[in-house]
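Could you put together the complete structure from these sequences and hints?
Residue numbering for the sequence shown follows this note's numbering, starting at 1 and increasing by one per position.
It should be emphasised that the hints constitute simulated quantities derived from the structure, not laboratory data.
Careful: at least some of the hints might be erroneous.
[To be verified] Computed Cβ-Cβ distance ranges for the label pairs, DEER-style:
(1) 228 with 78: 33 to 39 angstroms
(2) 35 with 287: 24 to 30 angstroms
(3) 80 with 227: 34 to 40 angstroms
(4) 141 with 57: 44 to 50 angstroms
(5) 253 with 101: 44 to 50 angstroms
(6) 146 with 18: 48 to 54 angstroms
(7) 51 with 153: 38 to 44 angstroms
As the structure is a computational prediction, the values presented were derived from the model and not from experiment.
C-beta: ideal position from N, C-alpha, C; glycine also.
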Amino acid sequence: MYQLLTDSALDLPYQTLAANHVDFVSMHVDIAGQEYQDDLEQQFDLDHFYQQIANGVMPTTAQINIGQFVEFFKPYVVAKTPILYLGFSSGLSGTFNSAVQAKAMLLNDYPTAQIYLVDSLAASCGQGLMVLDAIDKRDAGMSITDLAAWLTTNRLRYRQWFTVDDLNYLYHGGRVSRTSATVGSLLHIKPVMDVDTAGHLRVVKKARSRRKSLEALAANTIATLAEPVTPRILIATTQAEDAANIVQEQILQQVPQAQVAIEHIGPTIGSHTGLGCVAVFSLGNTERN
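Below, the structure is given as structure tokens:
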């Protein structure tokens, strides 16, 4: 048997990972000069975090370092348990590169260790959806080598659509220019974004109202579903549950048997989106381009 591993950028509930025997390593977030671990709400108070953002606090995030990965991987390596780590997009963080370097260090001391690393090229519940699919395939008997290959081959089929209510957080996180944030705010433009083939966020449409941006999330998701009858779809939000419910209702009107769940976006991603983000994740019928 082998061990599935991931990190807390995936925005799934801790209980889901624990129930399915998936271990994770925590990302770091700095709030007003104090560092916290994103532990999937075991101890981290997500409501208080978003209240601080509402009060004007601009948090920052830090990647997981090499030493933390060595510490995370080593117990499994010492126990001779093969591991498969599915990590946060290398296009958005240096975290995955830290995992690559940690693997190299461990192989120097444990040359027969089986360490498989897969860059999800995904964010938030896009990564989370890949983990859920990996759990299903592991439980169905897929080998670690085949699962690593399947995830790598199919990772660009995972569709990820986002919109935010305030462009200033994306500017603060380096995702849009100051001019775009200022002009967009003045014109009430709501961007519709996805994740490109390198795992970077990009703006694909500029909607002129919040409602139209939400409609675009639902429409884009439905148009590209790999399984059009009973697909698994995750919606994630930073305390915009009413907006997330609108998207869910629009999806279920067109795909009534869809398995749709709404999750919280944690501090790692929420630090860069601010309040009001809504994102939709699904497996697509073709690769994104």
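Each hint tested on the structure:
no., hint, verdict
1, 228 with 78: 33 to 39 angstroms, "46 angstroms, violated"
2, 35 with 287: 24 to 30 angstroms, "37 angstroms, violated"
3, 80 with 227: 34 to 40 angstroms, "37 angstroms, holds"
4, 141 with 57: 44 to 50 angstroms, "47 angstroms, holds"
5, 253 with 101: 44 to 50 angstroms, "47 angstroms, holds"
6, 146 with 18: 48 to 54 angstroms, "25 angstroms, violated"
7, 51 with 153: 38 to 44 angstroms, "42 angstroms, holds"
The structure is inconsistent with the numbered hints 1, 2 and 6, although it conforms to all the rest.
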